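Enquirer: Spelled out, the chains give:
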Amino acid sequence: MRKVCADWKTEAFSPALVNGSYWPDFEENAKAASAEIFCVPDETAAAQKVLEIADEVKADMVVAAGTETDRGISLACDTLAQAGKQVFRDKFEVAEHAPQAGLGLSRAEFGVGETGSVCVDTYSYEARVVGMLPPAHIVLLDRNALVENVTTAFQVMSRVFQKGYLGFITGPSRTADIERVLSLGVHGPSRFFIVVIGAEGGSIHG
Amino acid sequence: MAEQRNLKKEIDTKLHDEVLQDALSRFADQYPEARLRSYANVDSIEGLRDDLRDMKQWTVHHIEQVADEFEASIKARGGHFFRAKDGDEVKKYLLQICKEQNVKRIVKSKSMASEEIHLNEVFENAGLHVRETDLGEWMLAVADQKPSHMVMPAIHLNRKQCAGFFSHELKEEVPPDIPYMIQTARRVLREEFLSADMGITGANFGIAENGAIGLVTNEGNARLVTTLPRIHVVLIGYEKLIPKVEDAAKILRLLPRNGTCQRMTSYMTMVDGPTPVIHKVDGKWVEEERQQYVILLDNGRLDAAHDEKMNSVYQCVRCASCLNVCPIWTLVGGHVYGHIYSGGIGAILTGLLHNMDAFSQFSDLCIGCRRCTTVCPGKVPIPDLIDELRSRYVKEHGLALPERAAFQKILANRKIFHTLLRLGSVAQKPVASKGFIRHLPLFFAGMTKGRSLPAIADVPFRDRYAELAKKNPRSSLKVAFFSGCNLDFVFPGTSVSVVKVLQDLGAEVLFPMEQSCCGKPVLGMGDRDTGRKIAKKNIEAFESCGADVIISACPTCAETLSHTYRELFRGDPVWEKRAEAFASKVREFTSFVAEKYEQQGRLQNVNGSHKTTYHDSCHMKRGLGIFEQPRALLATAKSTSFVEMKNPDKCCGMAGAFGIKYSEISLPMLTEKIQNIKATGADTVAVACPACMMQLRGGLDQQAPEIRVRHIADILAEDIES
Chain X
1 MRKVCADWKT EAFSPALVNG SYWPDFEENA KAASAEIFCV PDETAAAQKV LEIADEVKAD
61 MVVAAGTETD RGISLACDTL AQAGKQVFRD KFEVAEHAPQ AGLGLSRAEF GVGETGSVCV
121 DTYSYEARVV GMLPPAHIVL LDRNALVENV TTAFQVMSRV FQKGYLGFIT GPSRTADIER
181 VLSLGVHGPS RFFIVVIGAE GGSIHG
Chain Y
1 MAEQRNLKKE IDTKLHDEVL QDALSRFADQ YPEARLRSYA NVDSIEGLRD DLRDMKQWTV
61 HHIEQVADEF EASIKARGGH FFRAKDGDEV KKYLLQICKE QNVKRIVKSK SMASEEIHLN
121 EVFENAGLHV RETDLGEWML AVADQKPSHM VMPAIHLNRK QCAGFFSHEL KEEVPPDIPY
181 MIQTARRVLR EEFLSADMGI TGANFGIAEN GAIGLVTNEG NARLVTTLPR IHVVLIGYEK
241 LIPKVEDAAK ILRLLPRNGT CQRMTSYMTM VDGPTPVIHK VDGKWVEEER QQYVILLDNG
301 RLDAAHDEKM NSVYQCVRCA SCLNVCPIWT LVGGHVYGHI YSGGIGAILT GLLHNMDAFS
361 QFSDLCIGCR RCTTVCPGKV PIPDLIDELR SRYVKEHGLA LPERAAFQKI LANRKIFHTL
421 LRLGSVAQKP VASKGFIRHL PLFFAGMTKG RSLPAIADVP FRDRYAELAK KNPRSSLKVA
481 FFSGCNLDFV FPGTSVSVVK VLQDLGAEVL FPMEQSCCGK PVLGMGDRDT GRKIAKKNIE
541 AFESCGADVI ISACPTCAET LSHTYRELFR GDPVWEKRAE AFASKVREFT SFVAEKYEQQ
601 GRLQNVNGSH KTTYHDSCHM KRGLGIFEQP RALLATAKST SFVEMKNPDK CCGMAGAFGI
661 KYSEISLPML TEKIQNIKAT GADTVAVACP ACMMQLRGGL DQQAPEIRVR HIADILAEDI
721 ES
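As they're listed, the protein sequences go chains X and Y.
Quick note: the first sequence uses UniProt numbering, first residue 1, plus one each step.
Quick note: the second sequence uses UniProt numbering, first residue 1, plus one each step.
Since the hints were made in silico from the structure, they are not lab data.
Given the structure is predicted, the values throughout are model-derived calculations rather than measurements.
Quick reminder that beta carbons are idealized off the backbone N, C-alpha and C, glycines included.
There's no promise every hint is true.
Said to hold, decoys possible - Only some residues are given here: those of chain X computed to face chain Y with a beta carbon under 7 Å: (1) C5; (2) W23; (3) T44; (4) R159; (5) V181.
Stated by the list, open to error - Output of the computed footprint for chain Y on chain X, the stretches with three or more beta carbons under 8 Å from beta carbons of chain Y: (6) 25-33; (7) 106-116.
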């Protein structure tokens, strides 16, 4: 899968900028933006959580991006498939089925404490449609891949952003265009889940 | 030439639009606090604003260099790049692409620039299917209406009206149920995204060093527009360019907070060069590089960049917070501003990017209260830019109406002006009672509704000065009093109080008789030539009196004398120095008195008998930055016990001639102010500005006659034994 950066941990992150200490801010702001957060100890538990969420949102068809290189995503797909879900991982199949899928699954590179945003590397087409077309979207995030604020987020991104498609997602798709009443899911997902993997203080730096 | 509009009629319609009024008043009430809450986790808002301003200022001063780098970055990544001088060039270029690339269906997201050049009409005329995808924009396009706000385009509509547009467009009955309408829009617009050949977006920023464009949306439509169609067109104005990737953070820490009171919008998307698209070609799924066309639009922007007085408009990030706090916009909404961009910033953009005739028709809806300058992320000096454009327009076209021209001649000649004022005091006799003009002749009826206008005093202050001068102490401190028209001819009693308070400080008070109006009324209309004539007369009048300090008890005069006079003569070989010497002596009354009281150990906290609140004049608070001193003086005064009101610094609606010309807008502002005064339970409202005093007395006279309006000079004078 094409990415802006193939290995964010070694090429973009540095311990001073990216670490788990911004967790309280991140959690508070992400929840305030209507993101739903679940913390799990490891990738196996993450896969189980993804399945639970799929059941909760009544998704029988799931599209995923990044299975070739991302163990967490790959494991979750296996678990979903074993539970009888229809899972698409190939980019052409993802493109074809994303409009009908009930759930999309992909990776978030890091979170931003100040805003509760997650940075998504969506250079590939499939990474974008899994996050936009289904009514629910799950990202997997490393517990210690957090930056303090938007300024530091851009310091991190500027190290690797040479070409492609990169950005933040902060909660589900929303609008307030009718009477300024908050409504979710107008174009993108109405539910946005962050499955956070790992324990506090664990190192993410190789 | 812009179409001649009947602005007063348009305003009247908006003021009677209950849906609009309800939406705007609720929004205006909630916005300031919601904005501040979003900043609660930021150390210094000022620091962020300074960073953004500095970055944008650097960019505009290097705009060609930054644009060249942006172009090189796009091309190096395989994107097409085109610099369009104006809308026509954009249209020609895009129609050509549509033809070559066999484009039939187009989806759009987030592009004010395309509205600015009326792009959609051209596509429709060429038989192309084009759809806006932002929910609000889509509804408005369906309803054939224009956005009334840059961030909340459909704020003027309610759910019933929206349902009507849905039903009409979809030819099915859509109930006024918001979740249902949202899901309907999702279904309908999803088809548009999936079947579109071309996506057109604007950009919140364009990064020179890597060619990326950034888009912030909450709905996510920009992500779909930049993902699903096989062609992506970016229409970006020069003012959106920034040098470095990291500079984007300087915009993004402020734009969502100011725009929608969010710490971040749901989606912040950066697209850098062509990206993959997977679509069906001849029944087979294939992956290709998306065609990317970046159009850098000038349409007046480069001239603005090279205009030293106007280039701070590049500091605007289109958050629209200036509208959200504007006392006029929050009453009338965006449509009366005409063209595409509304509010104060809209007037400027209209003047720079559209035409000056259109600008001149609504530019006086900015009353110069400067509330916008306290929130603007990029610190754009909006009222000053409007002032500059106004003066340019007047220089070229002269003042618009014959009566304005007459006003201009009268004001330039003190003797004629003062003679007329004296005549006025006699002529109004049949209609004045108890110091108020209650029943003006019929054609003035609209102006006195809901408020009384003050009468011109029988004896102006200038005729009373000689008597007061006899009480001058022998002093080394010589203070000259600049009264201004209101304190000379309408409220001479307050001038007497000013003199009394100054004499009590130990000052010898001088009053140069050749002084006249400060010139603000003509300067406000943009007539700087007449303004200069008046300024020279005043400067001459005070030069010869040998005063150390020049005191004004009217903040508008004080601001004009100290700030504008300096500006007026910048670069003038003789007058720049004389204006500087004059301006540097000017002090606003309350700040001067508070300083002296403090030196003399007279400032204290007395709990006086009258519960008194204080109304901040716009020019005093935001023009001169004086707001603590009047409160300190009120705490000291024996007769007052101070109580703060809600929004004490929101404009009372007078704003010079505005309050008379647009009385229908001025009155709701006054009514809101009076409600806030009443809610404090105070029996006195103190002011430090005679124009506010005129407005508040007029309103309270009709709406709450039990509450007194007093200038702080009058309150202080009461404590002085004569």
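Enquirer: Which earlier hints turn out false for this structure, listed by number in ascending order?
Expert: 1, 2, 3 and 4
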